[in-house]
Amino acid sequence: MEITEKENGNILVVSIAGRLTADCADQFKRHMNSALAAHDKIVLNLGGMEYVDSTGLGAMVFILQKLSDEGGRLVLACLQPKPRIVFNITKAYKIFEIFDSVDAAIGAING
406 MEITEKENGN ILVVSIAGRL TADCADQFKR HMNSALAAHD KIVLNLGGME
456 YVDSTGLGAM VFILQKLSDE GGRLVLACLQ PKPRIVFNIT KAYKIFEIFD
506 SVDAAIGAIN G
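Residue numbers for the sequence shown follow the numbering used here, so the first one is 406 and each next one is one higher.
If you are wondering where the hints come from, they were derived from the structure by calculation, not from laboratory data.
A portion of the hints provided could be inaccurate.
Pair by pair, the computed Cβ-Cβ distance ranges are [said to hold, decoys possible]:
1) G414 to T495: 13 to 23 Å
2) Q485 to A427: 14 to 24 Å
3) Q485 to Q432: 13 to 23 Å
4) G414 to G476: 10 to 20 Å
5) D428 to D508: 27 to 37 Å
When the alpha-carbon atoms are kept at most 20 Å apart in a straight line, the in silico SDA-like pairs for lysine to any residue are as follows [claimed, not checked]:
6) K487 to I408
7) K411 to H436
8) K434 to G414
9) K411 to K499
10) K471 to D508
11) K496 to T426
12) K499 to H436
13) K487 to K471
14) K471 to I500
15) K446 to S473
16) K434 to F492
17) K411 to R478
18) K434 to V480
19) K446 to E475
20) K446 to L472
21) K487 to K411
22) K496 to E475
23) K434 to P486
24) K496 to G512
For every residue, glycine included, the Cβ atom is placed at its ideal position computed from N, Cα and C.
Use the sequences and the hints to build the structure in full.
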């Protein structure tokens, strides 16, 4: 898994590439906790995420809850077909705001 960041005004766009699975979920949480210290609006760009397992999804839910508890907002963008299957099976799409593009996600989070 590779994580990159780019600021877009007051929003942090965090891009995930590769697989978000049990072996890297802690790395993801550490990275995101660091990002939360400086940003309260985050877009997760999942365009490069090939796969997510239940542990990776759990890490995403943890970050969503933590940011929500602190008055922030996390939205997802560019969810790919294989990870989307996991979101559909687990019904995670009911708790995350998911947008087709980063631009749409940024527009919504600023809205």
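These are the hints, each one checked on the structure:
1. G414 to T495: 13 to 23 Å: About 32 Å separates the Cβ atoms of G414 and T495, which means 13 to 23 Å is violated.
2. Q485 to A427: 14 to 24 Å: This hint holds: roughly 19 Å between Cβ atoms.
3. Q485 to Q432: 13 to 23 Å: holds (20 Å)
4. G414 to G476: 10 to 20 Å: holds (18 Å)
5. D428 to D508: 27 to 37 Å: This hint holds: roughly 32 Å between Cβ atoms.
6. K487 to I408: OK: K487 and I408 at ~19 Å, within 20 Å.
7. K411 to H436: Holds: K411 and H436 sit about 14 Å apart, inside 20 Å.
8. K434 to G414: Violated, at roughly 23 Å.
9. K411 to K499: Distance of about 27 Å is beyond 20 Å: violated.
10. K471 to D508: violated (24 Å)
11. K496 to T426: Holds - the C-alpha atoms of T426 and K496 are around 18 Å apart, at most 20 Å.
12. K499 to H436: Violated - the C-alpha atoms of H436 and K499 are around 25 Å apart, more than 20 Å.
13. K487 to K471: Status violated; Cα separation ~26 Å.
14. K471 to I500: Holds. K471 to I500 sits at ~13 Å (cutoff 20 Å).
15. K446 to S473: holds (10 Å)
16. K434 to F492: holds (19 Å)
17. K411 to R478: Holds, at roughly 16 Å.
18. K434 to V480: holds (16 Å)
19. K446 to E475: Roughly 11 Å between the alpha carbons, so the hint for K446 and E475 holds.
20. K446 to L472: holds (8 Å)
21. K487 to K411: Violated, at roughly 25 Å.
22. K496 to E475: violated (24 Å)
23. K434 to P486: Distance ~23 Å between K434 and P486 Cα, so the pair is violated.
24. K496 to G512: With a Cα-Cα distance of about 24 Å, the restraint between K496 and G512 is violated, given a limit of 20 Å.
Violated hints for the displayed structure, listed by number in ascending order: 1, 8, 9, 10, 12, 13, 21, 22, 23, 24.
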